[in-house]
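Participant: From first to last, the protein sequence lines are chains A and B.
In terms of the working numbering, the first sequence is residues 1 to 115.
In terms of the working numbering, the second sequence is residues 1 to 114.
If you're looking for bench data, these hints aren't it; they were derived computationally from the structure.
It is possible that part of the hints are untrue.
Taking CB as the label site, the calculated pair distances span [as the list claims (entries may be wrong)]:
1) Ser53(B) - Ser65(A): 39 to 45 angstroms
2) Glu75(A) - Gln72(B): 37 to 43 angstroms
3) Gly16(B) - Phe69(A): 35 to 41 angstroms
4) Asp71(A) - Phe52(B): 35 to 41 angstroms
5) Val115(A) - Ile12(B): 40 to 46 angstroms
6) Ser79(A) - Asp67(B): 20 to 26 angstroms
7) Asp71(A) - Ile12(B): 20 to 26 angstroms
Where a beta carbon is used, it is the ideal one built from N, C-alpha and C, also for glycine.
Listed here are the chains, written in short residue letters.
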Amino acid sequence: DSGVTQTPKHLITATGQRVTLRCSPRSGDLSVYWYQQSLDQGLQFLIQYYNGEERAKGNILERFSAQQFPDLHSELNLSSLELGDSALYFCASSPRDRLLLYGYTFGSGTRLTVV
Amino acid sequence: KNQVEQSPQSLIILEGKNCTLQCNYTVSPFSNLRWYKQDTGRGPVSLTIMTFSENTKSNGRYTATLDADTKQSSLHITASQLSDSASYICVVSDRGSTLGRLYFGRGTQLTVWP
Numbered sequence: 001d002s003g004v005t006q007t008p009k010h011l012i013t014a015t016g017q018r019v020t021l022r023c024s025p026r027s028g029d030l031s032v033y034w035y036q037q038s039l040d041q042g043l044q045f046l047i048q049y050y051n052g053e054e055r056a057k058g059n060i061l062e063r064f065s066a067q068q069f070p071d072l073h074s075e076l077n078l079s080s081l082e083l084g085d086s087a088l089y090f091c092a093s094s095p096r097d098r099l100l101l102y103g104y105t106f107g108s109g110t111r112l113t114v115v
Numbered sequence: 001k002n003q004v005e006q007s008p009q010s011l012i013i014l015e016g017k018n019c020t021l022q023c024n025y026t027v028s029p030f031s032n033l034r035w036y037k038q039d040t041g042r043g044p045v046s047l048t049i050m051t052f053s054e055n056t057k058s059n060g061r062y063t064a065t066l067d068a069d070t071k072q073s074s075l076h077i078t079a080s081q082l083s084d085s086a087s088y089i090c091v092v093s094d095r096g097s098t099l100g101r102l103y104f105g106r107g108t109q110l111t112v113w114p
């Protein structure tokens, strides 16, 4: 157990629908990162939050949004889902907004299948 | 453009054999390089982390090397086991002005056969 909790582990939904993925960072970590990993693709950085504020944006579609709540858990909202959105979605956390040498930990991911 | 390239894309070896995975990067300014192991359907788990001044770092049967001059790293696995079957991902961090960014390779898919 890495200490980063993601729910649900699996999600199957239809095209056009909206889903919410949840991430609880490791205790004490203030920063949360979201990644998308499609089949046979590398990890693609989506967005980062630090202590409730957006800090960096990657290749995140306009249909996707995220937020970090006062208790530091984060949610990734995916709307108007398309078949191509099927992927593994990972959350990672770190103690600060700057990437320290240690303390960057991944969750076990949410597998999203859009049918 | 900051990039991380890994080779080979996939590799099959027999149990007990050694193998070496390669990582070339163009990330600048360089901060550190990490190797992760990702089992199928699971999150990546850190194996080693190396800074600019470190040439070699070991973690059990895993040994990573770094040549910061040529911007190359390798991950050597000795006496492979069936449980080593996974994707191995090279990740390089830069020293950005506001925050470090991680650049991910696409991974090498290692399969160990009995």
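Participant: All hints are to be evaluated individually against the structure, with a verdict given for each.
Facilitator: Evaluated hints:
Checking the proposed 39 to 45 angstroms range against Ser53(B) and Ser65(A) shows it holds: the Cβ atoms sit about 41 angstroms from each other. The supplied range of 37 to 43 angstroms is met by Glu75(A) and Gln72(B), whose beta-carbon atoms lie about 39 angstroms from each other. Separated by about 49 angstroms at the C-beta atoms, Gly16(B) and Phe69(A) break the suggested range of 35 to 41 angstroms. Look at Asp71(A) against Phe52(B): about 37 angstroms separates their beta carbons, and that is inside 35 to 41 angstroms.
Here the CB-CB span from Val115(A) to Ile12(B) is close to 32 angstroms, at odds with the stated 40 to 46 angstroms. Look at Ser79(A) against Asp67(B): about 45 angstroms separates their beta carbons, and that is not inside 20 to 26 angstroms. One distance hint, 20 to 26 angstroms for the beta-carbon pair Asp71(A) and Ile12(B), is violated here, with the actual separation near 46 angstroms.
Against the hints set out earlier in the document, violations occur for numbers 3, 5, 6 and 7.
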